[in-house]
Amino acid sequence: MSMTLTEKILARASGRPSVKAGDNVWVQADILMTHDVCGPGTIGIFQHEFGRDAKVFDPARVVLTPDHYIFTADAKCLRNIDVCREFARAQKLPHFYDPADETYSGVCHLTLPQKGHCRPGEVMFGTDSHTCTHGAFGLFATGIGNTDAAFILGTGKLLIKIPASMKFVLDGRLPPGVMAKDIILRIIGDIGVDGATYRAMEFTGDGIPCLTMEDRMTICNMAIEAGAKNGIIAADAVTEAYVRQRTAQPYTVFASDPGASYLSVHRYDLAKLVPVVALPHSPDNVKPAAACGDCRLDRAYIGSCTGGKISDFTAAARLLDGRRVAIETCLVPATVEVARQLETETVHGQSLLDIFRAAGCLPPAPPSCAACLGGPADTFGRLNGAEVCISTTNRNFPGRMGSKRSSVILASPCTVAASAITGRITDPREMIA
Amino acid sequence: MSDTIRGKIFVVRDNIDTDQIIPAHHLTLVPTIPEEYAKLGSYALSGLPDSYRERFVPEGRTTSPYRIIVAGRNFGCGSSREHAPISLGAAGAKAVVAESFARIFFRNCIATGELYPLDTPTRLCDDLTTGMEAELDLDANRLTVPGLGRTYDLAPLGDARQVIDHGGLFAHARKTGMIQASADHTP
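Just so you know, the sequences run in chain order L and Z. Residue numbers for the first sequence follow our numbering, so the first one is 12 and each next one is one higher. Residue numbers for the second sequence follow our numbering, so the first one is 20 and each next one is one higher.
The shape of chain Z in the complex, shown without the other chains (with noise of 0.2 Å):
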């Protein structure tokens, strides 16, 4: 797994809630379905207010331009659903720097290996804005912004890094010989 992430990002503010990141009409979609995983990406944060003017999946795109989301406190707060960080992750999202995450969003997260939660103790969606390159360092636990000459430290993931690198619970488990593979099991 790549320690480097670069990319546009994605601002938005505090307590974006699991139905502004996937809206409830789409939970009919199941995850484990390959094209209805792809559905959900294609929603990713469609039910933000129409005052966020840039949209994260563009009219008539399946996928993100941005790879990283900037976010204010309580990142997915709300419902349980594990759509939430998996419409991102399949919009093509690598991670979401906050200053701080809901518990079951950043519990499912890890728990998918599809996106990495990342907090920060700096203000970020104050600083920077939709648009702006960035380059994600999960080793080093740095934002560095060089369009405004800024860095920023990240809170270490610790163990759970590892888990998001492998994939996920079951493919970290695996593995690491937590699990055995089971004869069925097609990865």
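Here chain L stands alone, though its shape is the one from the complex (with noise of 0.2 Å):
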């Protein structure tokens, strides 16, 4: 029977020759993400129903990374990263990444790729919906609820439907100025944000080759502002090459077959894309960076899981090299690597570091989810009146990034960076020569 990738890694992890869309089966975890925020949840739950000294199911699948309210003095958040480090201790868990030594590391969906625990063929959960992300490497990643994971640390399965299938074909090559946020903004616009409820996103095409694997993260880790189960691709040897630098594990590549089936085929021609802008307050209100210049903007934020990995930095210093900006522009790099790399990695010989200070942004946070959820009234970039902010993160609800009152316009770091610039919203091809 001819399976989809989704569909061949499930029917791995349920032991069974094949599955088929719909089909409701157990399935072997390989790992089970928590931080900071659904982690204690979780203990508790998993405490309550397995037993005080209940053991997890095997400590080197479970990944424990606190990320979200780390840089804080709110009292509660402090004791939830106390209770994920007490938890880490009492079940011996290898891969703890505490906020408090130097293997902290930051965001989770950048800390799983960069510390290894991403690898093509497996199956991932997270109590965190953007772990969808790590379908980049070939493999099943979905967020799931306290609950869920609580049962997954018991007992290392869980029960799920196999979704069906949509095909996103991505033919050709980006253009200058045009990123990976464009794509996926452009088809969360296409399909709306309940387009893919209950689905698997499949990314294929010829113009996957050409694109890096923090491109194909971006891609990803938005198929939930869809309502995808999760977003894939196949790996190929970009992916290994990554993969290998990470992780000595072993890992099985597949791919969909032939004949697979799909519920329906979406075709994109990647040079024909523009940058393009979310507007409040909905991820598939998405418009042409290029027809918005009208809106005036307060802030620039350049950070998150979508948008805060040393590509996306690179980008916005290209555009920032020389420049500067004309309203509040945040950096938060994602993780600790990142946050070295702004030093290291340099445009024009000069780093990252230097042009974002010459440029007049705020001094990077350190590395966290920070603002991208608003958080705690003391969180780095918050929004915490009306303000008008472009970023680089993930969702523009009403509220997101903190006050109410306040509208996010979510666009590709290029974007971003360009509109810093002009305080306006601004398409980043005017200021590439």
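Any given hint could be a false lead.
What the hints assert, rightly or not - What follows is a list of derived Cβ distance ranges for each label pair:
(1) L/274 x Z/145: 26 to 32 Å
(2) Z/149 x L/33: 33 to 39 Å
(3) L/357 x Z/186: 53 to 59 Å
(4) Z/81 x L/31: 44 to 50 Å
(5) Z/196 x L/97: 47 to 53 Å
(6) L/359 x Z/32: 48 to 54 Å
(7) Z/196 x L/261: 36 to 42 Å
(8) L/285 x Z/196: 57 to 63 Å
(9) L/301 x Z/186: 24 to 30 Å
(10) Z/82 x L/374: 40 to 46 Å
(11) Z/81 x L/33: 54 to 60 Å
(12) L/357 x Z/72: 53 to 59 Å
(13) Z/70 x L/299: 56 to 62 Å
(14) L/170 x Z/140: 24 to 30 Å
Don't read these hints as lab results, they were simulated from the structure. C-beta atoms are modelled at their ideal positions from N, C-alpha and C, and glycine is treated no differently.
Taking the hints as your guide, dock the two standalone chains into a single complex.
This is the structure in structure tokens:
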């Protein structure tokens, strides 16, 4: 029987020769990830249901990465990190990235690939909706709640329905100034915020080999913004080069069968895409950046699992090199590795950090989720009033980055940087000679 | 478990995301700690824009006078935070009737047993207004609004109904013998 990539991975994980969309199957989890926001609740359910002395199904398969509310004075946030730390100690978890010491990494969705936890062919669950990011590595990855996560902690298994797949064929190459973020915003704008609900979004086409792993992560990251269960891209030489640098563990590369069944097929010529923005207050409210030049901005924000990777900062730095920002510009590297790279990566012989400093950006904040989802009142970059912010993050629902009176406009790092320079929504191609 | 839920309805529109259901700054509260569970209830739907004149949980109260939430499309989109169905349940809501649900929210309703997520083919958020009295019959899969003299059909919940009746995934698994009660387990 012909299967999609998602079906093949889930067939393996359920120990069956084949599965098809709609089947309910128990699958074995290869990785369970949780963090400071959902970890304490998950741990609470685990201890209540399996007993105070219960052991997790496999300590090596649990990744505990505090990242949401780290650099704050809020007592409950700090308590929640302590709960994670105590659990990691009691359970002898080898993959706990502790904000209190040099093991700290930062945002879970960049930590997982950077620390070698993303391996093709595996099944990953995480208590975070953007866990779909990791489908970029040819694995099945999806977000779950605390109760399901506690069940996995105790048993290593979860009952799931096999999703039907929608195929997105990405052909050609992106023109200068157009980024992976523009691809996924365009798709969400076309199919809507519930256009892929319960579905797998599989990205394929001759444009994929030209996309870096970070580009692919940006695309899969926002599959949830169309309601998808998972986003996925088959592993290729680019994937394997990244994974082999980060882990020595074995993995299996799967690909969709030629006769696999898809609910729908959507084709995109990447060469014809333009820089876009998602206007308030929905990620599917997508317009060309060039058509929104009247929109004045108060702040620019570059960060998060979607837009806080080194490639995101490099793209922004190319535009900011030799120019000045007109509005407050916040930079939050997703992980410690990215924060270090801001000093070591260069554009025209200058470090990114020097370029950002000369351009008048605020000094980069320490790595965490920061203001992407508002957070405690003292969160760096949080929108505390009626500000309008253009951001490389993933959601612009009312109040997402703080105050209900604020407005968030989603865009690529290039578009955010160009807009920071002018103080209004700006098509970055205007600044690319 | 009673098969009928009676009470006032609270009406919201399309794409009510989890930040509107429970704003992110309240995610510091851990649902498994009883006093923090109750606090989550007091903040339920506090992220709705000010264009919603009625508050789901009135100022100074910790629970909601509304038992049934009526919504448009894609209710519960966004984050995987289980705090979302928990806050609605902790506030006293028993069911959400919507044109469609986001996947993780729907699953979290069942896993926690906090709320019945019920699909309806009718766009009820155009027909109904906040404060109306309604009666939800879970056996007949019907929502009746006596004030309008109207009855609406709902999609059956199937096996998920019993999981919620029992109080969520773990309670259901114990009641049906799928898993053993552990020595330390205190219900």
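- Query: Should the hint that residue 81 of chain Z and residue 33 of chain L are 54 to 60 Å apart at their CB atoms be regarded as holding?
  - Reply: Violated: the Cβ-Cβ distance is about 42 Å, outside 54 to 60 Å.
- Is the distance from the Cβ of residue 149 of chain Z to the Cβ of residue 33 of chain L consistent with 33 to 39 Å? Check passed, 37 Å falls within 33 to 39 Å.
- Task: May I ask you to test the hint 36 to 42 Å on the CB atoms belonging to residue 196 of chain Z and residue 261 of chain L?
- Result: 38 Å, holds
- Message: Quick check: does the Cβ-Cβ distance between residue 357 of chain L and residue 186 of chain Z fall within 53 to 59 Å?
- Response: Taking Cβ atoms as reference, residue 357 of chain L and residue 186 of chain Z lie about 58 Å apart, which means the hint holds.
- Query: At the C-beta level, are residue 196 of chain Z and residue 97 of chain L separated by a distance inside 47 to 53 Å?
  - Reply: For residue 97 of chain L against residue 196 of chain Z, whose Cβ atoms are near 33 Å apart, the range 47 to 53 Å is violated.
- Message: Taking the Cβ atom of residue 81 of chain Z and the Cβ atom of residue 31 of chain L, is their distance within the range 44 to 50 Å?
- Response: Holds, since residue 81 of chain Z and residue 31 of chain L (Cβ atoms, about 47 Å apart) stay within the stated range.
- Message: Given a hint of 56 to 62 Å, does the C-beta separation of residue 70 of chain Z and residue 299 of chain L actually sit inside it?
- Response: 28 Å, violated
- Satisfaction of the hinted span 48 to 54 Å by the C-beta atoms belonging to residue 359 of chain L and residue 32 of chain Z: With a Cβ separation near 49 Å, residue 359 of chain L and residue 32 of chain Z satisfy 48 to 54 Å, so the hint holds.
- Should the hint that residue 301 of chain L and residue 186 of chain Z are 24 to 30 Å apart at their CB atoms be regarded as holding? 54 Å, violated
- Query: Does the Cβ-Cβ separation between residue 357 of chain L and residue 72 of chain Z fall within 53 to 59 Å?
  - Reply: The hint (53 to 59 Å, Cβ to Cβ) holds, given that residue 357 of chain L and residue 72 of chain Z are roughly 55 Å apart.
- Task: With respect to the beta-carbon atoms only, verify the hint that residue 285 of chain L and residue 196 of chain Z lie 57 to 63 Å apart.
- Result: 58 Å, holds
- Item | Whether the CB-CB distance between residue 170 of chain L and residue 140 of chain Z falls inside 24 to 30 Å | About 27 Å separates the Cβ atoms of residue 170 of chain L and residue 140 of chain Z, which means 24 to 30 Å holds.
Hints 5, 9, 11, 13 from the earlier list are contradicted by this structure; the remaining hints agree with it.
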